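Asks: Sequence:
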Amino acid sequence: MAHWLLKSEPGKWSWDDQVKAGKEGTFWNGVRNHSAKLNLMAMKVGEQAFFYHSNEGKAIVGLVEITKPYYPDPSDPSGKFGMVDVRAVKPLKRPVTLEAIKADERLQDMILVKNSRLSVQPVTAAEWKIICDEGGGV
DNA sequence: GCCAACGTTGGC
DNA sequence: GCCAACGTTGGC
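According to UniProt numbering, the first sequence holds residues 1 to 138 in order.
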């Protein structure tokens, strides 16, 4: 089972917004980057992803689950990009900050560290576990 | 098909 | 608010 990391600016779409979207979840749109698109396409229903706040907060704050696989994004005029649906699973007890990730030598290979601009990223099983532990357990 | 110019993202 | 990194666009 693959794991992922989704970034959002809390001013546009925050963890609280995601929680309010409830069990049904909602679409994760706005991706306009081919690397990110490939990652979206690889996602399967039931897989989990970290929810990361960029710019403000700069921390992983919660876990979401994919509820619908890749489908076209109607807000994209080019028709090239798509989206998935996600629902909030649970918040981390303690958010894991970018600072903490950068300070952990085991996490230096994370794309978040190496290519901070990619908005949809894969996370390895090892990284997933370390961050879950760091965040107070799942 | 190359590459310069431009726009956007996101950390600081 | 600044600027570096990256992607995309468009002229040639």
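Note that these hints are calculated values from the structure, not bench results.
Be careful, since some hints might not be right.
With a Cα cut of at most 20 Å, we get these calculated EDC-like pairs of lysine to aspartate or glutamate [as the list claims (entries may be wrong)]:
(1) Lys20 x Asp76
(2) Lys12 x Glu56
(3) Lys93 x Asp76
(4) Lys58 x Glu9
(5) Lys58 x Asp17
(6) Lys58 x Asp109
(7) Lys37 x Asp85
(8) Lys7 x Glu56
(9) Lys68 x Glu105
(10) Lys44 x Glu24
Pair by pair, the computed Cβ-Cβ distance ranges are [to be verified]:
(11) Asn33 x Gln108: 17 to 25 Å
(12) Lys44 x Gly137: 22 to 30 Å
(13) Leu38 x Glu65: 33 to 41 Å
(14) Gly137 x Ala2: 16 to 24 Å
(15) Ala126 x Gly22: 26 to 34 Å
(16) Ser35 x Tyr71: 26 to 34 Å
(17) Leu118 x Lys93: 20 to 28 Å
(18) Ser35 x Gln108: 14 to 22 Å
(19) Glu105 x Tyr71: 33 to 41 Å
(20) Val113 x Ser78: 28 to 36 Å
(21) Lys80 x Val45: 20 to 28 Å
(22) Ala100 x Val19: 17 to 25 Å
(23) Thr124 x Lys93: 20 to 28 Å
Being a predicted model, the structure only gives us computed values, none of them experimental.
The C-beta atom is built at its ideal place from N, Cα and C for all residues, glycine as well.
Asks: Work down the list of hints and note, for each, if the structure agrees.
Replies: Hints and how they fare:
Straight-line distance between C-alpha atoms of Lys20 and Asp76 comes to about 25 Å, which puts the hinted pair past the 20 Å bound. The hinted pair formed by Lys12 and Glu56 meets the criterion: a straight-line CA distance of about 11 Å does not exceed 20 Å. With a C-alpha separation of about 36 Å, the suggested pair Lys93 and Asp76 falls outside the 20 Å cut-off, and the hint is violated. With a CA separation close to 9 Å, the supplied pair Lys58 and Glu9 stays within the 20 Å bound.
Taking the CA atoms of Lys58 and Asp17, the gap is about 17 Å. The hint holds against a cut of 20 Å. Between Lys58 and Asp109 the CA atoms are separated by roughly 18 Å; this keeps the pair inside 20 Å, and the hint holds. With a C-alpha separation of about 14 Å, the suggested pair Lys37 and Asp85 falls inside the 20 Å cut-off, and the hint holds. With a C-alpha separation of about 11 Å, the suggested pair Lys7 and Glu56 falls inside the 20 Å cut-off, and the hint holds.
A threshold of 20 Å between alpha carbons decides the hint, and for Lys68 with Glu105 the separation of about 34 Å lies outside it, so the pair is violated. For the suggested pair Lys44 and Glu24, the alpha carbons sit about 16 Å apart, so the restraint of at most 20 Å is met. For Asn33 and Gln108, the Cβ-Cβ distance of about 23 Å falls inside the hinted range of 17 to 25 Å, so the restraint holds. In this structure, Lys44 and Gly137 meet the distance hint of 22 to 30 Å, their C-beta atoms being roughly 24 Å apart.
At roughly 20 Å, the beta carbons of Leu38 and Glu65 sit outside the given window of 33 to 41 Å. With their beta carbons about 21 Å apart, Gly137 and Ala2 fall inside the hinted range of 16 to 24 Å. Remark: the range hint 26 to 34 Å for Ala126 to Gly22 is upheld by a beta-carbon distance near 32 Å. Range check, Ser35 to Tyr71: about 19 Å between beta-carbon atoms, so the 26 to 34 Å window is missed.
Between Leu118 and Lys93 the C-beta distance comes to about 27 Å, which sits within the given range of 20 to 28 Å. With their beta carbons about 20 Å apart, Ser35 and Gln108 fall inside the hinted range of 14 to 22 Å. Judged by the Cβ atoms, the range 33 to 41 Å given for Glu105 and Tyr71 holds: they are separated by roughly 39 Å. In this structure the supplied range 28 to 36 Å holds for Val113 paired with Ser78, their Cβ-Cβ distance being about 31 Å.
Between Lys80 and Val45 the beta carbons are some 23 Å apart, a value that agrees with the proposed interval 20 to 28 Å. Taken as a hint, the range 17 to 25 Å holds for the pair Ala100 and Val19, whose Cβ atoms sit roughly 23 Å apart. For Thr124 and Lys93, the hinted distance range of 20 to 28 Å is satisfied, since their beta carbons lie about 22 Å from each other.
Consistency note: the structure conflicts with the earlier hints numbered 1, 3, 9, 13, 16.
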